[in-house]
Amino acid sequence: MAKNTLRKTFIEPLGKNNPVFVQILGICSTLAVTNKLQNTLVMTLGVMFTTALSSFTLSLIRNHIPSRIRMMVETMIIATFVIIVDIVLKAFYPEMWKQLGPYVGLIITNCIIMGRVEAFALQNKPMLSLVDGLASGLGYAYVLLAIAFVRELLGTGSLWGVRILGSWWTNWSIMIMPPGGFFVLAILIWVIRETIMKEAKHD
Amino acid sequence: MTESLMPFAIFFASIFTGNILLTNYLGMCSFLSVSKELKTSLGLGVAVIFVMATTTPLNWLVYQYLLIPFGLEYLRFIVFIIVIAAFVQLTEMTIERYSEPLYQSLGIFLPLITVNCAILGVSLFMVIREYTLFTSLLFGLGSGIGWFIAIIAMAGIRQKMKNANVPPALEGPAITLVIAGFMAMAFMGFSGMIALS
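Order-wise, the sequence lines are chains A and B.
Taking the numbering used here, the leading residue of the first sequence gets 1, the next gets one more, and so forth.
Taking the numbering used here, the leading residue of the second sequence gets 1001, the next gets one more, and so forth.
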């Protein structure tokens, strides 16, 4: 039983409860860096780290927080982990830190983290919350990595900074500019929903 | 560009070429959900302008006179959020106390704003781009106006869209994102004029 819940908690955010497709949450802070695969990976790792650990921490102290000030406590916990991410990046990868600019700090306002903490960690045990946070982060990460993959490939003809497509390829520079992010995300949501709807019809 | 024109350039660029929503994707969550209706968009837009224009200079003061002297720059995320939340709460209480109609039209949107990423984003950009007190005020105001224009335009388009025949899977957020993409392209047309680094 216990194992089943753990598995379900892990699987659901990856598929039918995906935070990006189904709830359209949390795209604010990360969509802006999806024009490069590298930046996206670092950002999503930061988001995963923060969701998992803030869910875990909040769940540990959930019985001691007065419900009136719980939002404040949640924000403080999330901000603490984001500061850790920021400091680590600044110390070890200063180049990356500079490129990401304000977006690392904006992980705090990412709705997914707050949403998971509010909806899940407040009612569940620490280990389960950790798994839920991690899974939500993962579900979020692969969607954004997919977006970044399309944008970098079409926009610059390369992946991870390495040229993949030959010189015959004309770069679609619109893809690495802001409108590209909107279009790719929209098309992705469209395709996924279309498949979900078709499956529902078959059932 | 001459030095004296800089503040104006920042103001103009933050509205058009560097539109906080369309080029930085900030404030998307509330943008996607609220832009269904023109009237609520209007209320939220005005509230965003007000909060951005006031909290950005406020955060500038806090950053320059509290955080830098004590070497606490790394705490800026937490401090900015507290300043924004406290300020929004105070404004809400003041409006509720003194003007009932204003509270009805504007006050209900204020709590929503605390979690709007665009507000924190503007303050963080202000630190990175090393603005002065005056330019950070202009930058906050301009970004607010830019967000306002974007959400009003989107709400108007979405009202017309009600008569359009959209594929069922594309309805809702997906079609809104497509429209936002076209709007972003339109706003890019201004970028030949002034660019923000």
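Source of the hints: derived by calculation from the structure; they are not laboratory data.
The model shown is predicted, which means the values in this text are computed figures rather than measured ones.
Note that the Cβ used here is the ideal one computed from N, Cα and C, for glycine as well.
Please note that a few of the clues may not be correct.
[Stated by the list, open to error] Just a few of them, taken from the derived set where beta-carbon distance is under 10 Å, the chain B residues facing chain A:
#	residue
1	Gly1071
2	Tyr1074
3	Ile1078
4	Ala1169
[Claimed, not checked] Calculated cross-link-like contacts (lysine to any residue; reagent style SDA-like; alpha-carbon spacing at most 25 Å):
#	chain 1	residue 1	chain 2	residue 2
5	B	Lys1160	A	Ala186
6	A	Lys36	B	Pro1069
7	A	Lys36	A	Thr156
8	A	Lys90	B	Gly1071
9	A	Lys198	B	Ile1157
10	A	Lys8	A	Ile61
11	A	Lys98	B	Pro1069
12	A	Lys198	B	Leu1038
[What the hints assert, rightly or not] To be clear about the criterion: a stretch of chain B counts as covered by chain A if any three or more of its residues have a C-beta under 8 Å from a C-beta of chain A, and this derived list gives those stretches:
#	region
13	1091-1100
14	1150-1164
Comparing the hints with the structure gives:
1. Gly1071: violated (14 Å)
2. Tyr1074: holds (6 Å)
3. Ile1078: Holds. Min distance 4 Å.
4. Ala1169: At about 4 Å, which falls below the 10 Å cut-off, the nearest Cβ of chain A leaves the hint on B/Ala1169 intact, so it holds.
5. B/Lys1160 to A/Ala186: holds (20 Å)
6. A/Lys36 to B/Pro1069: violated (36 Å)
7. A/Lys36 to A/Thr156: Between A/Lys36 and A/Thr156 the Cα gap is close to 9 Å, so the pair holds against 25 Å.
8. A/Lys90 to B/Gly1071: holds (16 Å)
9. A/Lys198 to B/Ile1157: Violated: A/Lys198 and B/Ile1157 sit about 29 Å apart, past 25 Å.
10. A/Lys8 to A/Ile61: holds (24 Å)
11. A/Lys98 to B/Pro1069: holds (23 Å)
12. A/Lys198 to B/Leu1038: Since the Cα atoms of A/Lys198 and B/Leu1038 sit roughly 33 Å apart, the hinted pair is violated (cutoff 25 Å).
13. 1091-1100: violated (count 0)
14. 1150-1164: Since 0 is below three, the answer is violated.
Of the numbered hints listed earlier, those contradicted by the structure are 1, 6, 9, 12, 13 and 14.
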